[in-house]
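Number of protein chains: 2
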Amino acid sequence: MTENATVPDTTYTETLSPTARTTLRRNRVRAQLDRSELVDVLTAARLCHLGVIVKGAPLVVPTAFAYDLDGPDQEGTLYLHGSVAATTLGVVGEVCVTVTVLDGLVLARSAFHHSMNYRSAVVRGTPRVVEDEEERAVALDLIVNKLVPGRTEVVRANTRKELAATRVVAVPLYEASVKARTGGPVDDDVDVVAGGVWAGVLPISEHLGAAVPAPDLDRAGADAGPHVSGVIV
Amino acid sequence: MTENATVPDTTYTETLSPTARTTLRRNRVRAQLDRSELVDVLTAARLCHLGVIVKGAPLVVPTAFAYDLDGPDQEGTLYLHGSVAATTLGVVGEVCVTVTVLDGLVLARSAFHHSMNYRSAVVRGTPRVVEDEEERAVALDLIVNKLVPGRTEVVRANTRKELAATRVVAVPLYEASVKARTGGPVDDDVDVVAGGVWAGVLPISEHLGAAVPAPDLDRAGADAGPHVSGVIV
Numbered sequence: 012m013t014e015n016a017t018v019p020d021t022t023y024t025e026t027l028s029p030t031a032r033t034t035l036r037r038n039r040v041r042a043q044l045d046r047s048e049l050v051d052v053l054t055a056a057r058l059c060h061l062g063v064i065v066k067g068a069p070l071v072v073p074t075a076f077a078y079d080l081d082g083p084d085q086e087g088t089l090y091l092h093g094s095v096a097a098t099t100l101g102v103v104g105e106v107c108v109t110v111t112v113l114d115g116l117v118l119a120r121s122a123f124h125h126s127m128n129y130r131s132a133v134v135r136g137t138p139r140v141v142e143d144e145e146e147r148a149v150a151l152d153l154i155v156n157k158l159v160p161g162r163t164e165v166v167r168a169n170t171r172k173e174l175a176a177t178r179v180v181a182v183p184l185y186e187a188s189v190k191a192r193t194g195g196p197v198d199d200d201v202d203v204v205a206g207g208v209w210a211g212v213l214p215i216s217e218h219l220g221a222a223v224p225a226p227d228l229d230r231a232g233a234d235a236g237p238h239v240s241g242v243i244v
Numbered sequence: 012m013t014e015n016a017t018v019p020d021t022t023y024t025e026t027l028s029p030t031a032r033t034t035l036r037r038n039r040v041r042a043q044l045d046r047s048e049l050v051d052v053l054t055a056a057r058l059c060h061l062g063v064i065v066k067g068a069p070l071v072v073p074t075a076f077a078y079d080l081d082g083p084d085q086e087g088t089l090y091l092h093g094s095v096a097a098t099t100l101g102v103v104g105e106v107c108v109t110v111t112v113l114d115g116l117v118l119a120r121s122a123f124h125h126s127m128n129y130r131s132a133v134v135r136g137t138p139r140v141v142e143d144e145e146e147r148a149v150a151l152d153l154i155v156n157k158l159v160p161g162r163t164e165v166v167r168a169n170t171r172k173e174l175a176a177t178r179v180v181a182v183p184l185y186e187a188s189v190k191a192r193t194g195g196p197v198d199d200d201v202d203v204v205a206g207g208v209w210a211g212v213l214p215i216s217e218h219l220g221a222a223v224p225a226p227d228l229d230r231a232g233a234d235a236g237p238h239v240s241g242v243i244v
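Protein chains in written order, with the numbering used here: chain A, 12 to 244; chain B, 12 to 244.
Since the hints were derived computationally from the structure, they do not count as laboratory data.
Since the structure is predicted, the reported quantities are computational estimates derived from the model, not experimental observations.
Just so you know, not all the hints are guaranteed correct.
One copy or two, either will do: identical chains are not told apart, so a pair holds if it fits within one copy or between any two.
Below 20 Å or equal to it, Euclidean Cα-Cα: the simulated DMTMM-like pairs (lysine to aspartate or glutamate) are [unchecked claim]:
{"no.": "1", "residue 1": "K172", "residue 2": "D198"}
{"no.": "2", "residue 1": "K66", "residue 2": "E105"}
{"no.": "3", "residue 1": "K172", "residue 2": "D200"}
Working from the sequences, and respecting the hints, build out all of it.
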């Protein structure tokens, strides 16, 4: 464990949605009106979990995403993509896109008060299949560049065949809420006084390892280049 | 980038479910019949995404979980817990629990073939509210010990009040499927021959930072102890 480090004040934040159903009923103390919390989560996460209803039952799958605050939808656009054959992108009706970043494990003196520090965004809405070729191209570039910033500048353009095989859907960022927990454990006074149990936070972060070149990488391409180096730093 | 490292063969695996709807329609090459893949994902992940239907629309929230292969449900039990006031644990009908581990970013020569290496389990079923006190206690211990192995051995037992405030639900591990991608990019031959673009994998792993003690930690409890040290290693 580290010396001289202390856990910051415990805070719960929530970005309120303009609709009632995504305004959290519980833990209203977490309320926060700033949409920058939403952008923070969307920026930090690598993937989202897309929830749809298939034949009357919920189905949740992980998938890549990107967002465009200047997108054509209300409050900006969240983009998903996939094969035109994918069930989850072909459903009619509402979807729920949840994006979560895990920041730490919270160890309290009691089992009951154990928790996790996290940031999570929930975006609900009816997806729009993107048909406009320019918007499709922008969305697909955003998704690749979210994976590795600047990547589309070094790879060839999508072919017509590739574009035809890909479905792009847009979800408005309008109906969104964010929940976050930060800081140390919130213990009952009696347990703090009793002592004898370590309490605190185990921070969690993403670690990007050294780039592993493809076995068939040619000599010319063996230089990872700034678009790869950049993401590793 | 590393020297002398190569990306392993690209593989797609899928653990087939006994039901048709969780048997993936696409990418059947990923088929794998061993349930150890499911256990691997459930072990490696810190949280799940729970999908439910609320007033006709899908809702997906992140939450802690645990599993018990010897649990009372068919093929074992996945446990979730939360406040008795939580909407997502009080819904009637089916749920979908998706557990995802991100292992790497896959950079191909073309934007189209970019991908992620991941392992993801989808468990679908009708949750059972756990009423039996002994099973409730076991489930809650499993959830805390999944966060930090052995943790329940050093904290006090749950109080009657704490137990009364907590809902525990069980989902059978019976209807489950696993998808996984490993290995390097799968590029079109023409792009490999053209060269000039770096291709490979950026591995992603979880990094646990040094434990941060709570500000009100007493001297006696300041020793993190093996249950904390163990998880950091």
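Tested hints:
no.	hint	verdict
1	K172 to D198	between (58 Å within a copy, 15 Å between copies)
2	K66 to E105	both (13 Å within a copy, 11 Å between copies)
3	K172 to D200	between (64 Å within a copy, 16 Å between copies)
In summary, the structure agrees with every hint in the numbered list given earlier.
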